[in-house]
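K.L.:
Each chain, written out:
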Amino acid sequence: MCNKELAIIETLQAESRKQRAEWRGGIVMVGLFALLCTVMILSLRLGRYPVSVWEIVKIVFTTSPIHAKGLYSNAPRVVVEIVRIPRILVVTLCGMGLALSGAVMQGVFRNPLVGPEIAGVSAGASFGGVLAMLFSLPMVGVMGLAFSFGMLALVIAFGLARLSGKVSMLALVLSGVIVGAFFGALVGLLETLADPATQLPAITYWLLGSFAGATYQKVAVVSGTMLVAGTLLLMLRWRINLLSLGEDDAAALGVNVERLRWAIIALVSLIVAAQVSVSGGVGWVGLIIPHLARMLVGPEHTKLLPASALLGGIYLLAMDDIARSVGHQEIPIGLLTAVLGAPIFGFLFWKTQGRGWNRE
Amino acid sequence: MNRNIILAPFILLSFCALLLAAFSPSVVPAPLVPPVLTDMEGSSVHVPLPAKRVLIFEQVLSVYLTLNEGPSHLLAVSQWTMDDMKRKIEGSVYPSLVKTPVVGVFMVPTERDVEEVMRLQPDVILSWCYPNFVDPLKAIHMSGVVGITYTTEKGTDYAAIWRLMGAITGRSSRTESLLERYAVKRQEVLSSLAARPSKQANMALLSAYAGEISIFTYWPFWLNDTLKAVGARNDTLGMKWGGENSQSDPEELMLLDPDGAFVLCDISEDDCLKNIYSDLRYGAIRAVRNHKLYRVPVYSFTNYFVEEPLLLRWCAEVLDPDVMPRRLREEYKETYQEVYHYSPSDDEIDKAIYMKENLQSAGYERFMRQADSLQDARGIHRGIKNIVQ
Numbered sequence: 000m001c002n003k004e005l006a007i008i009e010t011l012q013a014e015s016r017k018q019r020a021e022w023r024g025g026i027v028m029v030g031l032f033a034l035l036c037t038v039m040i041l042s043l044r045l046g047r048y049p050v051s052v053w054e055i056v057k058i059v060f061t062t063s064p065i066h067a068k069g070l071y072s073n074a075p076r077v078v079v080e081i082v083r084i085p086r087i088l089v090v091t092l093c094g095m096g097l098a099l100s101g102a103v104m105q106g107v108f109r110n111p112l113v114g115p116e117i118a119g120v121s122a123g124a125s126f127g128g129v130l131a132m133l134f135s136l137p138m139v140g141v142m143g144l145a146f147s148f149g150m151l152a153l154v155i156a157f158g159l160a161r162l163s164g165k166v167s168m169l170a171l172v173l174s175g176v177i178v179g180a181f182f183g184a185l186v187g188l189l190e191t192l193a194d195p196a197t198q199l200p201a202i203t204y205w206l207l208g209s210f211a212g213a214t215y216q217k218v219a220v221v222s223g224t225m226l227v228a229g230t231l232l233l234m235l236r237w238r239i240n241l242l243s244l245g246e247d248d249a250a251a252l253g254v255n256v257e258r259l260r261w262a263i264i265a266l267v268s269l270i271v272a273a274q275v276s277v278s279g280g281v282g283w284v285g286l287i288i289p290h291l292a293r294m295l296v297g298p299e300h301t302k303l304l305p306a307s308a309l310l311g312g313i314y315l316l317a318m319d320d321i322a323r324s325v326g327h328q329e330i331p332i333g334l335l336t337a338v339l340g341a342p343i344f345g346f347l348f349w350k351t352q353g354r355g356w357n358r359e
Numbered sequence: 000m001n002r003n004i005i006l007a008p009f010i011l012l013s014f015c016a017l018l019l020a021a022f023s024p025s026v027v028p029a030p031l032v033p034p035v036l037t038d039m040e041g042s043s044v045h046v047p048l049p050a051k052r053v054l055i056f057e058q059v060l061s062v063y064l065t066l067n068e069g070p071s072h073l074l075a076v077s078q079w080t081m082d083d084m085k086r087k088i089e090g091s092v093y094p095s096l097v098k099t100p101v102v103g104v105f106m107v108p109t110e111r112d113v114e115e116v117m118r119l120q121p122d123v124i125l126s127w128c129y130p131n132f133v134d135p136l137k138a139i140h141m142s143g144v145v146g147i148t149y150t151t152e153k154g155t156d157y158a159a160i161w162r163l164m165g166a167i168t169g170r171s172s173r174t175e176s177l178l179e180r181y182a183v184k185r186q187e188v189l190s191s192l193a194a195r196p197s198k199q200a201n202m203a204l205l206s207a208y209a210g211e212i213s214i215f216t217y218w219p220f221w222l223n224d225t226l227k228a229v230g231a232r233n234d235t236l237g238m239k240w241g242g243e244n245s246q247s248d249p250e251e252l253m254l255l256d257p258d259g260a261f262v263l264c265d266i267s268e269d270d271c272l273k274n275i276y277s278d279l280r281y282g283a284i285r286a287v288r289n290h291k292l293y294r295v296p297v298y299s300f301t302n303y304f305v306e307e308p309l310l311l312r313w314c315a316e317v318l319d320p321d322v323m324p325r326r327l328r329e330e331y332k333e334t335y336q337e338v339y340h341y342s343p344s345d346d347e348i349d350k351a352i353y354m355k356e357n358l359q360s361a362g363y364e365r366f367m368r369q370a371d372s373l374q375d376a377r378g379i380h381r382g383i384k385n386i387v388q
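So the sequences go chain by chain: B and X.
Counted from 1, the first sequence has number 183 at position 184 by numbering that gives the first Met the number 0; the numbering is strictly sequential.
Counted from 1, the second sequence has number 241 at position 242 by numbering that gives the first Met the number 0; the numbering is strictly sequential.
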């Protein structure tokens with residue numbers, strides 16, 4: 000066989016491998032989406048009030064909730080439509096958002112230990128939420144202040160990073176640490192000022208993270224943010240691929256590195272602020288899910304980002320199901336994700352250290 | 000294949016969620032039909048009176064038991080409330096209470112408990128009326144949610160709580176007679192105190208947990224009023240440092256140097272006073288030096304009209320042992336007999352007044368049952384002497 004024929008065979012083989020990889024990626028994506036839908040349906044079954052599967056199906060499909068305004072005297076309908084559906088939607092969207100943000104940040108920073116909270120947004124949002132609770136504001140106020148202070152933390156972190164002249168990743172990470180520590184200290188200060196009988200327990204539970212009390216208002220906040228910020232991040236997945244090659248390579252390929260990086264961090268912060276405002280601090284999802292997704296679909300961001308999002312939704316929903324169904328008392332989900340997240344992260348470390356953490 | 004098809008699940012889910020949120024189902028409250036009750040928040044609540052299916056998240060279980068004379072019609076209580084009650088004498092008065100189902104862990108119904116509450120279908124749900132506490136129930140316009148609060152614009156209005164509970168249990172006349180009994184019993188203590196010297200005792204109201212002292216300036220408002228009634232003053236009220244319940248500074252306490260201190264500890268702690276007495280940091284404080292720390296008896300502050308006269312007598316006997324006749328044990332027995340038709344044993348009274356632990360403190364032996372008999376013996380001896388003379 001001559002060299003020309005060999006080259007043709009190699010090209011065909013490469014093409015076939017690429018197609019197989021694409022098919023595999025597609026199948027994984029469909030599988031994850033199907034799994035997410037299954038977990039969502041199963042979650043609808045979980046709860047103290049007994050509602051049969053048939054009844055749930057009837058409630059969800061036979062009467063559209065959109066036209067269901069009116070007197071709610073039917074307890075199963077209240078349980079499914081007012082109590083369970085908003086919670087499942089908020090949890091799923093938050094899980095998707097956090098995992099997506101984590102995968103994006105790990106790509107942008109080219110560091111597998113980076114999470115979406117790096118710019119100090121979580122701490123800022125926590126401060127806003129605690130401040131609102133100290134002034135006994137209603138839940139809308141808690142969400143509003145948490146979101147606003149999350150964004151304020153981002154602006155301060157950006158401002159601090161800019162003080163060093165040319166903005167580098169290191170400057171942003173350091174300013175994120177400073178802002179995070181500052182707002183963390185303010186949260187501690189507010190906790191000492193809170194009424195120990197009424198406000199302090201509420202603040203402590205909120206900071207531990209919980210999706211209890213999910214409403215359609217919260218669904219609107221999270222879904223609106225995800226629709227805008229999440230979609231934009233997903234559309235930028237090709238450029239994130241370029242960023243993950245390194246600043247110089249990306250710039251050589253025509254990417255305005257600085258502007259793109261700021262845009263991405265701003266979008267991620269928007270998602271994190273929305274999540275904290277509705278559920279308090281939920282850690283680890285943005286850190287470990289991208290690693291799991293990388294094991295499934297590889298490091299290429301066009302597949303990694305959607306896979307992370309779907310996997311994040313599945314993971315957080317499963318965690319929330321455990322949190323609300325194990326034991327007498329609901330376990331704060333932030334604790335559960337940390338307790339289970341640390342061993343999972345350790346397992347991933349053990350599984351992947353032979354190949355180095357940065358397979359990309 | 001369009002490469003952006005991969006975004007479809009994500010966008011679809013977010014969009015559907017947004018659509019659902021925009022056109023979210025809303026619950027319209029059912030129109031109120033009589034009988035309508037006004038709760039302590041001022042909200043109108045439809046409750047079939049007397050209520051036959053009662054669910055209690057609040058600390059009003061003891062009031063309910065007192066007025067209802069037992070746990071009948073009690074559908075469920077929160078775990079916290081139940082645990083609290085089991086440790087009190089009322090737990091022995093109504094042994095069937097332990098069979099009452101438990102819903103929720105704390106006195107606050109969480110979202111998880113909402114489904115359980117709906118399953119139980121109570122007529123009335125007694126809950127603390129702070130927004131975060133009743134929000135999950137009010138979000139679904141759960142009927143029968145009665146908000147309770149202790150602090151009204153006028154101050155602490157226990158009578159309002161009792162009258163509300165009287166209406167719910169259908170025992171309004173019993174409520175009124177217990178309120179009258181309270182006034183008489185309270186007056187009895189205050190009349191005995193009339194002969195005391197006018198000097199006011201400077202006391203500190205402290206709380207202790209695991210050997211660490213905290214000060215209370217707000218929470219035990221009920222005890223501040225009781226202290227005032229027996230002519231003592233809670234010195235910690237004037238302290239400028241700390242919040243409403245903050246860890247104390249031993250130096251600040253030394254500066255304050257109270258004559259004595261009433262200490263509130265968690266009901267499960269056994270060595271509350273011992274820990275403070277043996278702590279060198281507090282050794283220089285007069286109250287500690289003179290062994291005048293007294294652990295406050297087990298007390299349900301919502302059960303005010305039954306238990307406050309007992310607490311008042313306890314405080315008065317501790318502060319003015321020479322003036323006050325020694326009859327706390329009898330008072331406990333009489334009160335429980337009259338109100339609950341139950342005779343508490345001496346062991347139960349010892350437990351309620353923390354006899355074993357408080358014996359380390361000055362003068363507490365007057366509450367001992369042995370001392371009672373000794374006193375009786377002395378009384379008989381004096382009587383015989385008088386007869387002889």
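Simulated from the structure, these hints should not be mistaken for lab results.
Careful, some of the hints might be misleading.
Unchecked claim - DEER-style ranges, computed between Cβ atoms:
1) H340/X x L188/B: 45 to 55 Å
2) Q18/B x Q120/X: 30 to 40 Å
3) L188/B x R162/X: 35 to 45 Å
4) F134/B x E268/X: 30 to 40 Å
5) V35/X x F60/B: 44 to 54 Å
6) W349/B x A283/X: 22 to 32 Å
As the list claims (entries may be wrong) - Just so you have them, the derived chain X footprint on chain B, three or more residues with Cβ under 8 Å:
7) 47 to 55
8) 76 to 85
9) 102 to 113
10) 224 to 235
11) 251 to 261
Every residue, glycine too, gets a C-beta built ideally from N, C-alpha and C.
K.L.:
Taking a Cβ-to-Cβ distance below 8 Å as contact, does the segment 76 to 85 of chain B have at least three residues touching chain X?
P.N.:
holds (count 7)
K.L.:
Quick check: the segment 251 to 261 of chain B, covered by chain X? Criterion 3+ residues, Cβ under 8 Å.
P.N.:
The restraint on the segment 251 to 261 of chain B is violated, since only 0 of its residues have a Cβ under 8 Å from chain X and three are required.
K.L.:
Assuming the hint says 30 to 40 Å, is it satisfied by the Cβ distance from F134/B to E268/X or not?
P.N.:
34 Å, holds
K.L.:
Could one say that the CB atoms of H340/X and L188/B fall in the range 45 to 55 Å?
P.N.:
Once the Cβ atoms are compared, 53 Å apart, the range 45 to 55 Å for L188/B and H340/X holds.
K.L.:
How does the coverage statement for the segment 224 to 235 of chain B fare against chain X, requiring three or more residues with Cβ below 8 Å from a Cβ of that chain?
P.N.:
With 6 residues closer than 8 Å to chain X, the segment 224 to 235 of chain B meets the three-residue bar; holds.
K.L.:
Could you tell me whether the CB distance from W349/B to A283/X stays inside 22 to 32 Å?
P.N.:
Between W349/B and A283/X, where Cβ atoms are some 57 Å apart, the hint is violated.
K.L.:
Take a look at whether the Cβ-Cβ distance between Q18/B and Q120/X falls inside 30 to 40 Å.
P.N.:
60 Å, violated
K.L.:
Measuring from beta carbon to beta carbon, are V35/X and F60/B in 44 to 54 Å?
P.N.:
Distance hint for V35/X, F60/B is violated at roughly 38 Å.
K.L.:
Closer than 8 Å, Cβ to Cβ, for at least three residues: run that test on the segment 47 to 55 of chain B against chain X and report holds or violated.
P.N.:
holds (count 3)
K.L.:
How does the coverage statement for the segment 102 to 113 of chain B fare against chain X, requiring three or more residues with Cβ below 8 Å from a Cβ of that chain?
P.N.:
This one is violated; 0 residues, fewer than the three required, reach chain X with a Cβ under 8 Å.
K.L.:
Tell me if the beta carbons of L188/B and R162/X are separated by a distance inside 35 to 45 Å.
P.N.:
42 Å, holds
Consistency note: the structure conflicts with the earlier hints numbered 2, 5, 6, 9, 11.
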